[in-house]
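Since the structure of chain A is already known, use the hints to place chain B with the ligand on it.
Below are the chains, spelled out letter by letter.
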Amino acid sequence: MNYPDDSALLARLLSGEQKAYRELVATYQGAMRAVAFAIVGSRNADEVVQDAWLAVVNNLEGFQGRSSLKTWLLTITANTAKTRLKHNRREVLIDDLPGPHGTIGDEHFADDGHWLLAPHAWHQDTPEKLLMEVELRECLEKTLVSLSASQGSVLLLRERQGLELEEICNLLDISLSNVRVLLHRARLKVFATLEHFEETGKC
Amino acid sequence: MLTCKQLVERSGDLLDNRMSLRTRISMRTHLLMCINCRRFIKHMRLSQAVVRRLPVEESAALDSLAARLSEIRQGKQRGNHQS
Ligand SMILES: [Zn+2]
Numbered sequence: 011m012n013y014p015d016d017s018a019l020l021a022r023l024l025s026g027e028q029k030a031y032r033e034l035v036a037t038y039q040g041a042m043r044a045v046a047f048a049i050v051g052s053r054n055a056d057e058v059v060q061d062a063w064l065a066v067v068n069n070l071e072g073f074q075g076r077s078s079l080k081t082w083l084l085t086i087t088a089n090t091a092k093t094r095l096k097h098n099r100r101e102v103l104i105d106d107l108p109g110p111h112g113t114i115g116d117e118h119f120a121d122d123g124h125w126l127l128a129p130h131a132w133h134q135d136t137p138e139k140l141l142m143e144v145e146l147r148e149c150l151e152k153t154l155v156s157l158s159a160s161q162g163s164v165l166l167l168r169e170r171q172g173l174e175l176e177e178i179c180n181l182l183d184i185s186l187s188n189v190r191v192l193l194h195r196a197r198l199k200v201f202a203t204l205e206h207f208e209e210t211g212k213c
Numbered sequence: 559m560l561t562c563k564q565l566v567e568r569s570g571d572l573l574d575n576r577m578s579l580r581t582r583i584s585m586r587t588h589l590l591m592c593i594n595c596r597r598f599i600k601h602m603r604l605s606q607a608v609v610r611r612l613p614v615e616e617s618a619a620l621d622s623l624a625a626r627l628s629e630i631r632q633g634k635q636r637g638n639h640q641s
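Chains as they are written, first to last, in the working numbering: chain A, 11 to 213; chain B, 559 to 641.
Keep in mind the hints are simulated off the structure, nothing from the lab.
Take these hints with a grain of salt, some might be off.
Listed next, the in silico DSS-like pairs over lysine-lysine satisfying Cα-Cα at most 27 Å (straight line) [to be verified]:
no.: 1; chain 1: B; residue 1: K600; chain 2: A; residue 2: K152
no.: 2; chain 1: A; residue 1: K29; chain 2: B; residue 2: K600
no.: 3; chain 1: A; residue 1: K80; chain 2: B; residue 2: K634
In isolation and in its complexed conformation, chain A is listed as follows (with noise of 0.2 Å):
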């Protein structure tokens, strides 16, 4: 197998041990969600991650270490749910919904390009010293609850769970270019909630 971390968690899986399956759940759920409701939407997403996990536990000995477990886990739930679509029609991925801070658009270039305004400052410059104020935890929770279902599951499938674009269009059956896209729609806008609330201290 050529992912030894898997491997080891995979016998602990076989054998039904429930620490091992509290790891998996809890590395996994996020990422699983966020495939289910960018295919489904958010009403059906939950209930294709529980088929999903059913299918994980009665499937384990197909799992064969080709892929990652991770990339396994995501593609059961990608498959579950593509099943479900199957006589519905999939909604626009291609959505863009306005964020509650803005995002970088136009308005903010001069004619020839070159900045309006230029960006502010901030007063802190590392994640920890930002998410220690409770205020913009709940600010950036805001926004990303704010995004399309396409939009926020790329960005926590690319920022949070450190997946390729490639990997992200093949589960999703969005192009390269739409996941670019989303993905830059998606990270404007939470750029423009911290820039505005390194300026002005409030939501």
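Then chain B with the ligand, alone, in the frame of chain A:
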């Protein structure tokens, strides 16, 4: 020359490190000369790190899910031994 607006539009390729050599050079050149865009990119990287580290609540629901999954597995193990 790349404008600030164009640099912002392509900033994702910089963050994800997916640039052609030519784009990489024109972005580097722009960043050397432009303090505003340097600050923007620095803050975009900081935003990324913040999203990565944003704490999530550990919910009790996950514990019960884990318990259920391990029970199913243990049930399967017993089934296998019996057959
Ligand atoms: Zn610039």
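To see whether the hints hold, each was checked on the structure:
For the hint pairing B:K600 with A:K152, the CA-to-CA distance comes to about 23 Å; that is within 27 Å, so the pair holds. About 40 Å separates the Cα atoms of A:K29 and B:K600, which puts this hinted pair outside 27 Å; it is violated. Distance hint between A:K80 and B:K634 is fulfilled; the C-alpha atoms sit about 23 Å from each other, no more than 27 Å.
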